[in-house]
Amino acid sequence: MSKVTLDALRWQDQPAQATITVNGGPPQVYFQITAPREVAAMCQGRPVEELPRILSILSPAHHLCAAQALDRLFGVEPPPVAQNMREALRLALFFRDHLRKFYFLVTSLENPFADFWSQDAQRGPHGLRSLLDDLMRHVSLAQEAAIILGGRADHPVTAVAGGVSRSLKEEHHARLAEIAAACRSCAERLGGFLREQVFPQGKILGEIRGLEAGPLTSLTLAPEPDGLVLRGAGGGEAERFGAATLFDKVGLHQETWSYEPFAFLKAKGWQDLGKVPADSLFFVGPLARLNNGQPLATPLAEDERQRLVEALGPFPRFEVVAAYWALLVELLGSAEGLVALCEVEKLSGPVLRTIPKAVGKEGHAALESPRGLIYHHFRTDERGLVVEAQVLDTATANNGLFGILAQRAVEASLARKEPWEETKKRIELSLLAY
Amino acid sequence: MSRPEQKKKLAIYTATGCRACEQGILDLNYEVNELGRFADPVFWPYVLGTPWEALSEGKVDVALFAGTIRTEADRQAALKLRESSELLVAVGACAAFGGLPGLANLADATEAKAGETTGSSSADGEGKPTLPRAEPQGLCLSQVVAVDYVVPGCPPTQNLLWAAVLALVCRGESPARLSYAAGRLPEAVAEAIAAGVLPRRGTTFAGEKAVCGSCSRIKEEKKFGICKRPYQEYQETGRCLLEQGLICQGVATQEGCGGICTGVGVPCRGCFGKAPAIFDPGAKMVGAISSTFDSKDAKEIAALVENFVDLAGTFYRYSLPSQCSLLATPDKG
Chain S
1 MSKVTLDALR WQDQPAQATI TVNGGPPQVY FQITAPREVA AMCQGRPVEE LPRILSILSP
61 AHHLCAAQAL DRLFGVEPPP VAQNMREALR LALFFRDHLR KFYFLVTSLE NPFADFWSQD
121 AQRGPHGLRS LLDDLMRHVS LAQEAAIILG GRADHPVTAV AGGVSRSLKE EHHARLAEIA
181 AACRSCAERL GGFLREQVFP QGKILGEIRG LEAGPLTSLT LAPEPDGLVL RGAGGGEAER
241 FGAATLFDKV GLHQETWSYE PFAFLKAKGW QDLGKVPADS LFFVGPLARL NNGQPLATPL
301 AEDERQRLVE ALGPFPRFEV VAAYWALLVE LLGSAEGLVA LCEVEKLSGP VLRTIPKAVG
361 KEGHAALESP RGLIYHHFRT DERGLVVEAQ VLDTATANNG LFGILAQRAV EASLARKEPW
421 EETKKRIELS LLAY
Chain F
1 MSRPEQKKKL AIYTATGCRA CEQGILDLNY EVNELGRFAD PVFWPYVLGT PWEALSEGKV
61 DVALFAGTIR TEADRQAALK LRESSELLVA VGACAAFGGL PGLANLADAT EAKAGETTGS
121 SSADGEGKPT LPRAEPQGLC LSQVVAVDYV VPGCPPTQNL LWAAVLALVC RGESPARLSY
181 AAGRLPEAVA EAIAAGVLPR RGTTFAGEKA VCGSCSRIKE EKKFGICKRP YQEYQETGRC
241 LLEQGLICQG VATQEGCGGI CTGVGVPCRG CFGKAPAIFD PGAKMVGAIS STFDSKDAKE
301 IAALVENFVD LAGTFYRYSL PSQCSLLATP DKG
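First to last, the sequence lines map onto chains S and F.
When you line the first sequence up against this note's numbering, it's residues 1 to 434, in that order.
When you line the second sequence up against this note's numbering, it's residues 1 to 333, in that order.
This is chain S alone, in the form it adopts within the complex (with noise of 0.2 Å):
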């Protein structure tokens, strides 16, 4: 038996390799995460009101979702001023998650650092330095857009139970305007050059066209307050149930062999990652939100799925390629979203919070983050301190999708016969779809 371990795997927010096994028969792929993140031991007896706070070092999104869970928990509304302040940090940041994906899919074929300065470089081998240029800098004005709205861009602090913690002040109001109106611009020039230069020739992209992951089911948030969807892989909705059933409904599964959880539905049980198909498997993510079919309600963003639908065919689709579009539709409806936020009326008002009044027991909240849908549920005693918090991350959720991607591009370069390299290359572009 042979074992090829390609380490470490770029551009992932948990340190991760991949082990191919070989033993006469098709390469055993294993996607493994190699630090643990107690987040349970982490939030066990901390008071409650601080988990926004503790939880935002999954991601910044997760700072939000733990404010929704104490405001159920407290049982107190937001006030609107509150609620648009915390959506538009939430637009912030997918702009800026999608964007910095976008920044590493350019640079994926050379190093960004080497030789910045020399005159081959100001045009690059692929013609992208000022593009890069572009990016780098609207990665800056969304990270001051959620510095402004957070707090901190990486870990935010303002989100509290019933509200924000911060009012803007005018010159706040005036600059994120500025910065959302340069954002949908950033986006649209993006947009055009993917649509030029990488979607349709296979550019940058070509070592991963054809690859894909399905079919699978996805896991969103439904349109009616607190309801989540689970959509076959057909496309068609297979179940709507409340979010505070989650943990009903999803079971998480540990090998030894990764110290990130599968997440798994519990109707099917768990099964064998190599199963095909993969039906105790589901995703989340930009794709898996546009696999529901609906029209968006921006137009840059609805045009842009438009003519993911023309090239790629309707919805579901499973393709990385499709993931990636996928990125590009929500990167413009994060910038039109803020824009339209971004209005003085909007992000100002005299009450920034509902004040609780006693301490709750329980409280659970679902969000869509940039990387996918995320859920908090919380229990406390009676003097508010944390009891038990369950979460579920993006990288749980979609852990046994990158498994299936990982096999898949292993199996894909081992039929070309390409070199290691060129394995981990492929599966690196293929994760950082999601």
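Calculated from the structure, these hints are not laboratory results.
Among the hints, a few may not be true.
[Unchecked claim] Derived lysine to aspartate or glutamate pairs resembling EDC-like cross-links, with alpha carbons at most 16 Å apart: (1) S/Lys169 <-> F/Asp294; (2) S/Lys169 <-> S/Glu345; (3) S/Lys203 <-> S/Glu110; (4) F/Lys128 <-> S/Asp272; (5) S/Lys361 <-> S/Asp381; (6) S/Lys357 <-> F/Asp310; (7) S/Lys346 <-> S/Glu170; (8) S/Lys268 <-> S/Asp248; (9) F/Lys209 <-> F/Glu187; (10) F/Lys223 <-> F/Asp310; (11) F/Lys228 <-> F/Asp294; (12) F/Lys128 <-> S/Glu255.
[Unchecked claim] Stretch by stretch, here's where chain S covers chain F in the computed footprint (C-beta under 8 Å, at least three residues): (13) 12-21; (14) 37-51; (15) 97-103; (16) 197-204; (17) 227-240; (18) 306-314.
Every value quoted in this text rests on a predicted model; they were computed, and no experiment measured them.
No residue lacks a Cβ here, since even glycine has one placed at the ideal position from N, Cα and C.
Model the placement of chain F on the given structure of chain S, informed by the hints.
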């Protein structure tokens, strides 16, 4: 300005933690477009996918190490980067003090054992791969190897991160952008950066005083008559949060952030670590609060104290491993 003849070799790595510190370093490039001019990142697994073998090609000038030491792989990474690097920098609260992952040290021992079992490196009969074994508890970088410099914060602020890069990587070759950071750095560190020489080893890229020194909130009279929790009603702007009865650790925390959290209406939780003049931030907080109790009645004080909850998890939110290690001090490489 002409390009430096030889760029500094840079290694960037995160052990157990999130990617916020690394993204902060990446954002330096977004914001100033200069990192690539002065540094050649020869080892950056997150962005470049570099394998460990790359470190065998020669000494690295500066290694920026983020994350908590939680697994055997983290420990080996720390040892290897220490051995391979001229300067080793602990970046972020996790590497500097243990950070949020260090909070798990407070959890029941049974949970730690479960983690250890999961991470067992014992051979598997089916040929399945193994995992790096979990350490008995989370550690900060200086509990495993000697650390030359510290950039605190969760994550570090961009200005101090940039100050560290100017000081340690660019070493005077960058255009003077010092005003960006110098206002919050000790004078000696700022002067060293301006002169293009290395600051004293052991320097922390942060201020000299406590966060209260740069917090913009209004301080009146410190009298602790009520203990509030952040979900309760208080003034988000204006008066000092501690004076309003909220546990705010600005008084015990090293300055440098400019009071980011207090400025947006939430209490400081100490991500910059303890202020230089303080031995133990928890003891300092207990002293600061109890000495200002607005009562001399034992029953009233007892009732007040009842409202303080999770003191260890609050006072040592980001520094539990460095302040409260249950282990003997390990050998340092």
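Hint by hint, here is what the structure shows:
1. S/Lys169 <-> F/Asp294: Measuring from Cα to Cα gives roughly 35 Å; hence the hint is violated.
2. S/Lys169 <-> S/Glu345: It holds: about 12 Å lies between the C-alpha atoms, which stays within 16 Å.
3. S/Lys203 <-> S/Glu110: Within the cut-off at roughly 13 Å; holds.
4. F/Lys128 <-> S/Asp272: Measuring from Cα to Cα gives roughly 14 Å; hence the hint holds.
5. S/Lys361 <-> S/Asp381: At roughly 6 Å apart (the allowed maximum being 16 Å), S/Asp381 and S/Lys361 satisfy the hint.
6. S/Lys357 <-> F/Asp310: Between S/Lys357 and F/Asp310 the Cα gap is close to 21 Å, so the pair fails against 16 Å, i.e. violated.
7. S/Lys346 <-> S/Glu170: 13 Å, holds
8. S/Lys268 <-> S/Asp248: Status holds; Cα separation ~12 Å.
9. F/Lys209 <-> F/Glu187: 12 Å, holds
10. F/Lys223 <-> F/Asp310: 22 Å, violated
11. F/Lys228 <-> F/Asp294: Holds. F/Lys228 to F/Asp294 sits at ~14 Å (cutoff 16 Å).
12. F/Lys128 <-> S/Glu255: With Cα atoms ~10 Å apart, F/Lys128 and S/Glu255 stay inside 16 Å; holds.
13. 12-21: This one holds; 7 residues, not fewer than the three required, reach chain S with a Cβ under 8 Å.
14. 37-51: holds (count 11)
15. 97-103: holds (count 3)
16. 197-204: violated (count 0)
17. 227-240: Result for this restraint: holds, n = 7.
18. 306-314: Holds, because 4 residues of the segment 306-314 of chain F bring their Cβ atoms closer than 8 Å to Cβ atoms of chain S.
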